[in-house]
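K.L.:
These protein sequence lines map, in sequence, to chains A, B and C. Be aware that the first sequence starts at 1, since it is given in the numbering used here, and climbs by one per residue. Be aware that the second sequence starts at 1, since it is given in the numbering used here, and climbs by one per residue. Be aware that the third sequence starts at 1, since it is given in the numbering used here, and climbs by one per residue.
Keep in mind that the hints were calculated from the coordinates and are not lab data. Errors might be hidden in some of the hints.
Identical chains blur together in the list; that is why a pair holds if it fits in one copy or across any two.
To be verified - With a Cα cut of at most 30 Å, we get these calculated BS3-like pairs of lysine-lysine: (1) Lys299 - Lys398; (2) Lys363 - Lys249; (3) Lys249 - Lys298.
Keep in mind the model is a prediction, meaning the values are calculated, not measured.
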Amino acid sequence: MELATYVDSLWILVAGILVMFMQPGFMLVETGFTRSKNSVNIVMKNFMDFSVGAVTYWAFGFALAYGGTTLGGFLAYGNFFLEGDSITYFFQVVFAATAATIVSGAVAERTKFSAYLLFQPFICGVIYPIVTHWVWSGQGWLGDLGFIDFAGSGVVHMVGGFAALAGVQIVGPRIGKYDDNGNPQVIPGSSMVAGALGVFILWFGWYGFNVGSALAAVDVDLAAIAVTTTLSAAAGSITAMYTSMISGKPNVGMTLNGALAGLVGITAGCANVNNLGAVLIGLVSGVLVVYSINFLEKKGFDDAVGAVSVHGICGIWGVLAVAIFDTTDGLVFGGGATLFLPQLIGILAIGAWAYGTSFIVFKVIDSTVGLRVTAEEEIAGLDATEHGTTAYGDFITKK
Amino acid sequence: MELATYVDSLWILVAGILVMFMQPGFMLVETGFTRSKNSVNIVMKNFMDFSVGAVTYWAFGFALAYGGTTLGGFLAYGNFFLEGDSITYFFQVVFAATAATIVSGAVAERTKFSAYLLFQPFICGVIYPIVTHWVWSGQGWLGDLGFIDFAGSGVVHMVGGFAALAGVQIVGPRIGKYDDNGNPQVIPGSSMVAGALGVFILWFGWYGFNVGSALAAVDVDLAAIAVTTTLSAAAGSITAMYTSMISGKPNVGMTLNGALAGLVGITAGCANVNNLGAVLIGLVSGVLVVYSINFLEKKGFDDAVGAVSVHGICGIWGVLAVAIFDTTDGLVFGGGATLFLPQLIGILAIGAWAYGTSFIVFKVIDSTVGLRVTAEEEIAGLDATEHGTTAYGDFITKK
Amino acid sequence: MELATYVDSLWILVAGILVMFMQPGFMLVETGFTRSKNSVNIVMKNFMDFSVGAVTYWAFGFALAYGGTTLGGFLAYGNFFLEGDSITYFFQVVFAATAATIVSGAVAERTKFSAYLLFQPFICGVIYPIVTHWVWSGQGWLGDLGFIDFAGSGVVHMVGGFAALAGVQIVGPRIGKYDDNGNPQVIPGSSMVAGALGVFILWFGWYGFNVGSALAAVDVDLAAIAVTTTLSAAAGSITAMYTSMISGKPNVGMTLNGALAGLVGITAGCANVNNLGAVLIGLVSGVLVVYSINFLEKKGFDDAVGAVSVHGICGIWGVLAVAIFDTTDGLVFGGGATLFLPQLIGILAIGAWAYGTSFIVFKVIDSTVGLRVTAEEEIAGLDATEHGTTAYGDFITKK
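Generate the whole structure from the sequences, applying the supplied hints.
P.N.:
This is how it looks when you write it as C-alpha cells:
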C-alpha cells in the first residue's frame with residue numbers, strides 16, 4: 001500500500017477511537033438527566049450497548065451492511081463472523097453502538113433490563129446495518145437515488161431517534177411524569193455536571209464522527225468539516241438557551257440539548273455546507289429542539305433525556321438542510337432543486353424503517369417477557385430491583 | 001498539496017480536538033472547587049464560553065488576529081465571517097475559548113450570568129485576538145521584537161489570568177470568604193474528584209495545546225515537546241504538594257493547581273528548553289503557585305479557583321523562563337542575554353493590555369447592567385436564582 | 001528522516017497521549033469503587049503516580065530499561081536524567097505510570113500516604129523498567145527466549161497486579177471487610193457512575209496502549225489490533241455480567257471489571273490472534289475475573305477494586321492465550337507447540353519478580369515508617385486524617 005493510504009487509515013482509526021468515546025458521553029447524559037436510583041441500570045445498559053453491539057456487529061451486522069453481495073440494494077450478505085476488513089468494521093461498529101445507545105436514555109427509569117438486552121441485537125445487528133447498506137455501501141438504493149448524508153444525521157441519529165420514539169410510545173410515561181390533569185411535571189436529574197460533561201464528551205467525539213466520515217486524510221480539507229461542526233453546535237447551544245428564556249430562566253437542560261441538536265443537525269451536511277450555512281443550521285436546530293421537547297412532552301411522550309427530539313427531529317432537519325445549504329456546486333441554494341426529492345425520500349424511508357421495525361420488536365418483547373417493570377420496582381428504583389445495588393453507596397439521596 | 005502538508009494538517013486537527021476537550025476540564029475544575037449551589041451556573045458559563053467564543057471568533061475575532069492586513073502590527077482586519085482557512089481558525093478558536101474560560105472560575109459564585117455573557121465576546125473576539133496578532137501572526141510588533149512564546153504562557157494564560165484579576169477585583173470577594181477581621185476562610189468545593197478529573201483532562205488536552213503549537217508533524221521532534229510538558233507538570237504537582245505541607249497536610253487543591261502551574265509554566269518554552277530545564281521550570285511553578293494563591297487571598301483577592309495565580313502569575317514565570325532556560329542555541333543560559341528584554345516587554349504589554357481592557361469592560365458592565373448578584377441571590381446560590389434549578393436533583397447538600 | 005518515520009512517530013505520540021489519559025480512568029475506578037471518605041487520598045495517590053513516575057522514569061527508570069548497555073539481559077544502564085530519545089521515553093513513561101497506579105486501588109482505604117509515596121519510585125523506576133528490559137529492549141533474556149507480549153499483559157499488568165498482591169497481603173484487609181466469622185462483606189463504593197466512566201476512559205486509552213504498541217503506523221494493520229481489543233473487552237464485559245448472575249442479579253462491579261479483564265487478556269496477543277480468538281480470550285477473561293475476585297476475597301485478600309484479579313490473574317491468562325490463539329503462522333493453534341514454554345517461563349519470572357521485589361519493599365516500609373494507618377484514622381477516613389479535608393464539601397455522606 002502507499003503511504004497516503006496508511007495516513008488515511010491512521011486518521012480513520014483515531015476518529016473511530018474518538019467515536020467510541022461517545023459511549024461514556026451518552027452514559028453521563030443519561031445518568032445525569034435521570035434520578036440517582038436508576039444510575040446503575042443506565043450504566044449497565046450503556047456497557048451492554050457497546051459490548052453486545054461489538055459482538056453482534058461482528059457476527060452479523062457487518063455482513064448485512066457490507067457483506068459484499070447485495071439483495072437488490074436493500075441488504076447485503078457475506079462475511080459473517082468477520083475476519084479482515086478491520087478499519088471498516090472498527091469505524092462502523094462505533095457508529096452502530098451510537099445508534100443503539102440513543103434508545104437507552106429515552107426509555108430510562110422504567111424499562112426492564114432483560115427486555116432492553118433483547119432489543120439491542122436488533123438495532124446494532126439488523127436495523128442500523130440495513131440502513132447503512134442503503135446509503136453508504138455503494139450498493140444501496142438510497143445512495144443510488146442521490147441521497148446525501150455525509151456522517152449520518154439520518155443513517156445514525158434518525159435511526160436511534162425513531163427507534164427511541166417507538167420505545168417511548170410502547171413503554172409509556174414514568175410514574176409521576178404527569179399529574180392528574182395530564183400536565184407534564186419536571187423530574188430533576190441526579191447531576192447536571194455529569195450531564196454537561198457527557199455533552200462535552202459527545203461534542204469531542206463528534207469530531208471523530210463527522211470529520212472521520214471523510215474516510216481519508218489526504219486530498220481532503222478535514223478542518224473545514226471540523227469548523228462547520230463547531231459552528232453548528234455553538235449556534236445550537238446559544239439559540240436553545242435563548243429559546244428557553246422565552247418561558248423562564250436560561251435552562252441548562254435545553255442548552256445542553258441545544259448543543260447536541262446543533263451537532264445532529266450538521267452531521268448530514270458537515271462536508272457540503274459553508275460556515276454561514278453551518279451557523280444557520282445550528283441556529284434552527286437549537287430552536288427546533290426546545291419546541292420539539294416541549295411538544296412531545298405535552299403529547300404524552302415521556303422521553304427521559306430528549307433523545308427523540310435531539311436525534312430524531314433534528315436528524316430530519318439535518319438531512320433536509322443538505323438540500324437547502326449544499327454549496328458543493330458553488331451556489332448557496334444550488335443543490336436544492338435536485339436534492340430535495342432524494343432527501344425527502346430518505347427521511348421517509350429511514351424514519352419509517354427505524355420506527356416500524358423497532359415498534360414490532362418492542363411490541364413482541366412487551367407481549368412475551370414484558371417491557372416494563374412493575375410500579376413497585378419503578379418507585380423503588382431499578383438499581384435496587386434490577387441490580388441489587390445502589391450507585392452512590394454512602395451518599396444520601398432523596399426518595 | 002504535498003502529502004507532508006496533509007500529515008501536518010492532520011496533527012493540527014487532532015491537537016485542536018484535544019484542546020477543545022480542555023473545556024470540560026475547566027468546567028470540572030471550576031464546579032469541583034466551588035459549592036454545589038452554583039454548579040449549573042458554571043456549566044452554563046462554560047458552554048457559553050465555547051459557543052459564544054466559536055461564533056464570535058468566526059465573526060470578527062479571526063479577522064482582528066489573522067485578517068491579512070495589519071494596522072501597524074497592533075491588529076489585523078479582513079476575513080470577517082470567515083470562509084476558508086479552516087485549520088488556522090479551528091486551532092485558534094479552541095485557544096480563544098481557553099483564554100475566556102480562565103476568567104469564569106475566578107469570578108464564580110457571585111457574578112451575574114447576564115454580565116458574564118456580555119464580557120465573553122470581548123475576550124474571545126477582541127482582547128485575545130489582538131494579542132495573538134502581536135505575537136503569532138508574523139505581522140505583529142512583539143513577534144518583530146524577538147518575543148518568544150511557543151504555545152502561549154503569555155498569549156493565552158496571562159491574558160486569561162489578568163482578565164480574571166480585573167474581574168476578581170471589581171466583583172469583590174464572596175460573602176463568607178473573609179471573617180470580621182479580614183482573615184480568609186476556606187470555602188470547601190463540591191467535589192475534589194471532579195476537580196481532579198478536570199485537571200487530568202486539562203493535562204491531556206495540554207498535549208494538543210503545546211505539541212500542536214508546532215503547527216507541523218513533519219521535520220519536527222514533537223515528542224520532545226510532549227516530554228518537557230510532562231516533566232514540568234509532574235514537577236509542579238510534586239513541589240506544590242510539598243510546599244503545601246510546610247503549613248499543614250498534603251493539600252489536594254494545591255497539588256492539582258501545582259500540576260496546572262507546571263503546565264502553564266512550560267507552555268512558552270516547551271519547544272525551547274531541555275528536559276532538565278523543564279523539570280526546573282515546573283519545580284519553580286509548583287512553589288510559586290502556592291505562595292501566589294496564599295498571597296492574593298490575604299490581600300483580599302477572592303479567586304474561587306486560583307486562576308490568577310495559575311494562569312497569570314505562572315504565565316509570567318513561563319515567559320521569563322524562556323529567557324533563562326532556552327537551549328536552542330546550544331547553551332543552557334545562551335538565550336538569556338538577548339531574550340530578557342523582549343520577554344520583559346512582552347510580559348508588561350500583555351499583562352497591561354489584558355488587565356486594562358478587561359478592567360474597563362467589567363467596569364462598564366458593572367455600572368450599567370451590574371456585575372454582581374444581590375446578597376440574597378448569592379446566599380441562595382446562582383443555580384436557583386439565575387437558572388431556576390439545582391444541579392444535583394435528588395442529592396442532599398448542606399446550605 | 002523519511003516521511004513514513006514521522007507518520008510512525010505521530011501515531012506513537014497520539015497513542016502515548018491516549019495512554020496518559022488512562023490515569024484519570026484509574027482514578028475514577030478507584031474513587032468510584034471505594035468510600036467517599038477516602039476519595040481525596042486516592043486522587044492524591046493518582047496524581048503522585050504519574051508525577052513521581054514521570055520524574056523517576058526520567059531520572060533512572062529509562063536508564064535501567066533502555067540505557068544502551070545491558071547487564072546480561074537483566075537490566076540496562078546509561079542515559080540517566082535523559083535528554084533525547086523523546087518518543088521512546090514518552091510512550092514508556094505512560095506505561096510505567098500504569099503499572100504503578102494498579103497498586104493504588106488494591107491497597108486503598110487503609111494505606112499511609114507517606115508509605116505509598118515511598119513505594120512509587122521502586123515500581124516506576126526499578127521493578128517495571130527491569131521487566132521491560134527483559135522483554136522489549138531487544139537485549140533482554142526473555143525476549144531472547146521467544147517470549148511474546150505485544151502490549152504488556154505480562155510486562156505491565158502482571159507487574160502491577162502482583163505488586164498489588166504483595167501490598168494487599170502485607171497491609172491486610174480493611175476494618176469491616178470481614179465479619180466475626182471471616183465472611184467477606186460488601187463495602188459499597190461512592191459512585192458506580194464514576195467507576196463506569198473510569199472503565200470507559202480506560203477502554204478508550206487502551207486503544208493507545210495496544211494499538212500504539214505497534215510502534216508504527218506504516219506497513220502495519222493497526223485497525224486489526226483495535227478490533228481484537230474491542231471484541232475481547234466486549235466479550236469480557238458480557239460474560240462477567242452473566243457469570244455474576246449465577247449467584248444473583250446482573251452486577252455492575254463485575255461487569256465493569258469484566259470489560260477490564262477482557263482488555264488485560266487481549267493485551268499480550270492483540271496483534272497475534274484473529275477476531276474469533278479475541279472473542280474467546282475475552283469470554284474466558286470475563287468468567288475468570290469473577291471467580292478470581294470471589295476466590296481471593298474468600299481467602300482473606302481484601303483488594304478494594306479487584307486489581308489483582310483484573311491485572312494479575314487476567315494478565316497471566318493473556319500471556320498464556322498467545323500460545324493458544326496465535327495465528328501469525330497461519331494456524332489457529334499453530335504457535336502453541338513452540339510458544340508454551342517461553343510464555344510459561346515469562347509468567348513465572350515476571351510474577352515472581354514483581355511479587356518478590358514488591359513484597360520486600362512493602363515489608364521494609366512496614367517495619368520502618370509503617371504501611372498502615374491506625375484504626376481510628378481508617379474509620380475517620382484518610383481524607384480527614386491524611387489530608388485534612390473532605391472530597392465532597394457540601395454533600396452529606398454516611399459515616
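K.L.:
30 Å Cα cut-off: does Lys299 pair with Lys398 within a copy, between copies, both or neither?
P.N.:
Answer is within: at 29 Å inside a copy they meet the 30 Å cutoff, but 38 Å across does not.
K.L.:
For Lys363 and Lys249, with the copy left unspecified, which applies at a CA distance of at most 30 Å: within, between, both, or neither?
P.N.:
between (40 Å within a copy, 25 Å between copies)
K.L.:
When Cα atoms must be at most 30 Å apart, do Lys249 and Lys298 count as within-copy, between-copy, both, or neither?
P.N.:
within (20 Å within a copy, 36 Å between copies)
The structure fails none of the hints (numbered hints given earlier).
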